[in-house]
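Student: Sequence:
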Amino acid sequence: LKINHIKSSGVVSVVVFSMNSMWRVGNFAKHAATAITTPCYTGLSARFRYANIATGAAEPKTQQLDEKSAPATATRTVGAAEPAPSFDQQRDSNKAQVKPISSQPLTDTFGRHHTYLRISLTERCNLRCQYCMPAEGVQLQPKSNLLTTEEILYLARIFVEQGVRKIRLTGGEPTVRRDIVDIIAQIKSIPKLENVGITTNGLVLTRLLLPMQRAGLDAVNISLDTLRPKRFEEITRRKGYERVIAGIDLAIQLGYKPKLNCVLMRNFNEDEICDFVEFTKDRAVDVRFIEYMPFTGNKWQTDRLISFKESLDIIQKRWPDFAALPNGPNDTSKAYGVPGYKGQVGFITSMTEHFCGSCNRLRLTADGNIKVCLFGNKEFSLRDAIRNKCSEDDLITLIGTAVSRKKKQHADNFMHVNVTAQIQQNSRKTFETRKHQRIHYQRLSSPIPTPDKLPIYASLMSIQSTTKYLTQARYFGTTCSNRCTDNNSANLTHVDKTGKAQMVDVTTKQISERVAEARATVLVGPTIAQLIHTNNMLKGDVLSVAQLAGIMGAKKTSELIPLCHNISLSSVKVEAKLNLESNSVELFGRVKCTGQTGVEMEALTAVTLAALTVYDMCKAISHDITITDIKLWGKTGGKRNYERSKN
-15 LKINHIKSSG
-5 VVSVVVFSMN
5 SMWRVGNFAK
15 HAATAITTPC
25 YTGLSARFRY
35 ANIATGAAEP
45 KTQQLDEKSA
55 PATATRTVGA
65 AEPAPSFDQQ
75 RDSNKAQVKP
85 ISSQPLTDTF
95 GRHHTYLRIS
105 LTERCNLRCQ
115 YCMPAEGVQL
125 QPKSNLLTTE
135 EILYLARIFV
145 EQGVRKIRLT
155 GGEPTVRRDI
165 VDIIAQIKSI
175 PKLENVGITT
185 NGLVLTRLLL
195 PMQRAGLDAV
205 NISLDTLRPK
215 RFEEITRRKG
225 YERVIAGIDL
235 AIQLGYKPKL
245 NCVLMRNFNE
255 DEICDFVEFT
265 KDRAVDVRFI
275 EYMPFTGNKW
285 QTDRLISFKE
295 SLDIIQKRWP
305 DFAALPNGPN
315 DTSKAYGVPG
325 YKGQVGFITS
335 MTEHFCGSCN
345 RLRLTADGNI
355 KVCLFGNKEF
365 SLRDAIRNKC
375 SEDDLITLIG
385 TAVSRKKKQH
395 ADNFMHVNVT
405 AQIQQNSRKT
415 FETRKHQRIH
425 YQRLSSPIPT
435 PDKLPIYASL
445 MSIQSTTKYL
455 TQARYFGTTC
465 SNRCTDNNSA
475 NLTHVDKTGK
485 AQMVDVTTKQ
495 ISERVAEARA
505 TVLVGPTIAQ
515 LIHTNNMLKG
525 DVLSVAQLAG
535 IMGAKKTSEL
545 IPLCHNISLS
555 SVKVEAKLNL
565 ESNSVELFGR
575 VKCTGQTGVE
585 MEALTAVTLA
595 ALTVYDMCKA
605 ISHDITITDI
615 KLWGKTGGKR
625 NYERSKN
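Note that our numbering gives residue 415 to position 431 of the sequence shown, counting from 1, and the numbers run on in steps of one.
Keep in mind that the hints are not guaranteed to be accurate.
To be verified - Ranges between beta-carbon positions, derived for each pair:
| hint | residue 1 | residue 2 | range |
| --- | --- | --- | --- |
| 1 | Pro546 | Lys603 | 21 to 31 angstroms |
| 2 | His607 | Ala119 | 16 to 26 angstroms |
| 3 | Glu120 | Asn550 | 39 to 49 angstroms |
| 4 | Lys127 | Lys523 | 22 to 32 angstroms |
| 5 | Glu134 | Asp600 | 19 to 29 angstroms |
What the hints assert, rightly or not - No more than 30 angstroms apart at the CA atoms, straight line, and that leaves these computed lysine-lysine pairs for DSBU-like:
| hint | residue 1 | residue 2 |
| --- | --- | --- |
| 6 | Lys561 | Lys493 |
| 7 | Lys241 | Lys326 |
| 8 | Lys355 | Lys373 |
| 9 | Lys391 | Lys150 |
| 10 | Lys293 | Lys214 |
| 11 | Lys172 | Lys301 |
| 12 | Lys615 | Lys493 |
| 13 | Lys623 | Lys557 |
| 14 | Lys223 | Lys127 |
| 15 | Lys318 | Lys176 |
| 16 | Lys557 | Lys523 |
| 17 | Lys293 | Lys172 |
| 18 | Lys241 | Lys293 |
| 19 | Lys373 | Lys326 |
| 20 | Lys557 | Lys603 |
| 21 | Lys176 | Lys214 |
| 22 | Lys265 | Lys241 |
| 23 | Lys539 | Lys557 |
| 24 | Lys293 | Lys391 |
| 25 | Lys355 | Lys576 |
| 26 | Lys355 | Lys150 |
| 27 | Lys523 | Lys176 |
Everything labelled a hint here was simulated from the structure, so no lab data went into it. Nothing here was measured: the structure is a model prediction, and the numbers come from that model. For glycine and all other residues, C-beta sits at the position ideal for the given N, C-alpha and C.
Take the sequences, apply the hints, and build the full model.
Tutor: Rendered as structure tokens:
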């Protein structure tokens, strides 16, 4: 997003970028207030938008853009047959067009300045570590989706110009790229960059380390979870232990102090903790024990986590003088060492004692997304911005927007809740609908607000359910406040005299306003409830997607239920609420029309489709999910009204 200027007439020129490869320019009129711009990410269609929230009584109006007054960036036609300029030409031509919104785009709202960038060069890896991915591997993206070498270097230079001083190359496995040495050399040549490192599994270090050192490589991290050859094969599902050890020794000989990253797992390699400490006796290495963290496909369970304190107790029983060493201001590990040993030991306590307050790291994924937190699932695509010929200033603004959304921390109360996810209480901003705001694009994948402040149809939650889902069951029947005494009500209207199905003829019925309300509950359990609460489900924002699915389902009712009339709906509202006390998602639908037949089926379909969507988005975590209490809550209009008893 870029704001060129604000004239006295109150017209703001805004560039809106979306991932459907289109640039649009709109002039939004501002009538007595300030225009506020906030980023929005629509998870369903994987596109980024910018929502204009105008403060004031008048609705902002979109005006036609005058070609003569349009900014240069707005007149570019996507897909036009013109030669694509190089990144340098594009940057030079666009440099003076717009000033960045923030003078410090790499500083977040909590004052953390990000000087460390991790760039994933590839998704591919030549190992299949059990805690990292399934045995069959993962589905790789098409090569065209990944950043090219030119794009990587271009983005690296932009980040360095904005304040990054250290870049680490990761993967996948970065050494599987044939141009890895050339990439290191070109990144190292960027002015003001102080350090270039690499994180590797070490399989090919004996072949590549010397060329990489000559290219300018400053630091080496090596992933190694065992010092036993047979166990190495079990963990990685591949051979190569001897080559990794040889690579470590070569790194030491070349003057590096390699860091060995070891993921500790209970009942797997915790019996080697002391072996790794002993490994530092004669080798100048930094062994870093990493707490087991949840990632898709690694079947993460809390009982496999070995905490920092537990590891420390094990070590100090053998080495009582094992003591803490000084740490740098942005170090992720807690440094310790045995007196007299050449190397040292560190503990990366991501799960039990997070270091979010001093985090200075950003991540660039192989497909060009900027990721501000390892544990977050929010990403902004810089690749698409580049390929849509975005100016450098707009890229900087997009980067700054992503950084500004970084949360305070990722793991408040992890050890207080036995769940397979990091808890993020009190670290997410809620999005409330206020009378003085007008929201023009609903953000469908926003972090989950507190349950009582969901932005979509919040007023509907004034009707609260009193059902005790886990302690009370209702098997048959309902209580009706206006029970009908008409004998004909016992007849099935959708069956004719011969017993065959028929659609009811509503020609003679009076036209009136019809309203129906329905409810449903999805019992998801504590693990999924916490994942929904922190918005860490792999498929995205569960509540918002369920709401949208419910609305779509209501509109398709006549296509799903054979004998339902195809009627014109005036309003469909679906509310999804996470109940952390009962570990459930409560769904409420309200449908309204003006016609000759009721809309109770539409209301029931809405909450049913919403419930099924919750199941679909959560089933990867557990199939122990129960959809229950789908029921009509009330209806008005037509021959008779109905209201379910609230007792």
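Student: Evaluate each hint against the coordinates.
Tutor: Evaluation of the provided hints:
1. The beta-carbon spacing between Pro546 and Lys603, approximately 28 angstroms, falls within the hinted interval of 21 to 31 angstroms.
2. Judged by the Cβ atoms, the range 16 to 26 angstroms given for His607 and Ala119 holds: they are separated by roughly 21 angstroms.
3. In this structure the hint that Glu120 and Asn550 lie 39 to 49 angstroms apart at CB holds, the actual value being about 45 angstroms.
4. The hinted range of 22 to 32 angstroms is satisfied by Lys127 and Lys523, whose Cβ atoms lie roughly 25 angstroms apart.
5. The hinted range of 19 to 29 angstroms is not satisfied by Glu134 and Asp600, whose Cβ atoms lie roughly 39 angstroms apart.
6. A distance of roughly 36 angstroms separates the Cα atoms of Lys561 and Lys493; the hinted pair therefore is violated under the 30 angstroms criterion.
7. A hinted pair counts as satisfied when its Cα atoms are at most 30 angstroms apart, and Lys241 with Lys326 qualifies at roughly 10 angstroms.
8. The straight-line distance between the Cα atoms of Lys355 and Lys373 is roughly 21 angstroms, inside the 30 angstroms bound, and the hint therefore holds.
9. The straight-line distance between the Cα atoms of Lys391 and Lys150 is roughly 22 angstroms, inside the 30 angstroms bound, and the hint therefore holds.
10. Pair hint Lys293 plus Lys214 holds up; C-alpha atoms about 28 angstroms apart against a cutoff of 30 angstroms.
11. Of the pairs offered as hints, the one joining Lys172 and Lys301 is violated, with about 44 angstroms between alpha carbons and a cut-off of 30 angstroms exceeded.
12. In summary, the hint linking Lys615 to Lys493 is supported, as the alpha carbons are separated by about 25 angstroms, within the 30 angstroms threshold.
13. Using a Cα cut-off of 30 angstroms, the hinted pair Lys623 and Lys557 holds, with the two alpha carbons roughly 24 angstroms apart.
14. A threshold of 30 angstroms between alpha carbons decides the hint, and for Lys223 with Lys127 the separation of about 27 angstroms falls inside it, so the pair holds.
15. A distance of roughly 28 angstroms separates the Cα atoms of Lys318 and Lys176; the hinted pair therefore holds under the 30 angstroms criterion.
16. Annotation: proposed proximity of Lys557 to Lys523 holds, straight-line Cα distance about 23 angstroms (limit 30 angstroms).
17. At most 30 angstroms may separate the alpha-carbon atoms for a hinted pair to count; Lys293 and Lys172 exceed this at roughly 38 angstroms.
18. Annotation: proposed proximity of Lys241 to Lys293 holds, straight-line Cα distance about 25 angstroms (limit 30 angstroms).
19. Proximity of Lys373 to Lys326 is assessed by CA-CA distance (about 51 angstroms); at most 30 angstroms being required, the pair is judged violated.
20. For a cut-off of 30 angstroms, the pair hint linking Lys557 to Lys603 stands: about 25 angstroms separates their Cα positions.
21. Using a Cα cut-off of 30 angstroms, the hinted pair Lys176 and Lys214 is violated, with the two alpha carbons roughly 44 angstroms apart.
22. Distance check on the hinted pair: Lys265 and Lys241 sit about 13 angstroms apart at the alpha-carbon level, within 30 angstroms; holds.
23. For the proposed pair Lys539 and Lys557, the alpha carbon gap of about 11 angstroms is at most 30 angstroms, so the pair holds.
24. For the given pair, Lys293 sits about 26 angstroms from Lys391 by alpha-carbon distance, which is consistent with the 30 angstroms threshold.
25. A C-alpha spacing of about 42 angstroms is found between Lys355 and Lys576, which places the hinted pair above 30 angstroms, so the restraint is violated.
26. For the hint linking Lys355 to Lys150, the alpha-carbon distance of about 16 angstroms falls within 30 angstroms, and the restraint holds.
27. For a cut-off of 30 angstroms, the pair hint linking Lys523 to Lys176 is broken: about 39 angstroms separates their Cα positions.
The structure does not agree with the numbered hints 5, 6, 11, 17, 19, 21, 25, 27 stated previously, though it agrees with the rest.
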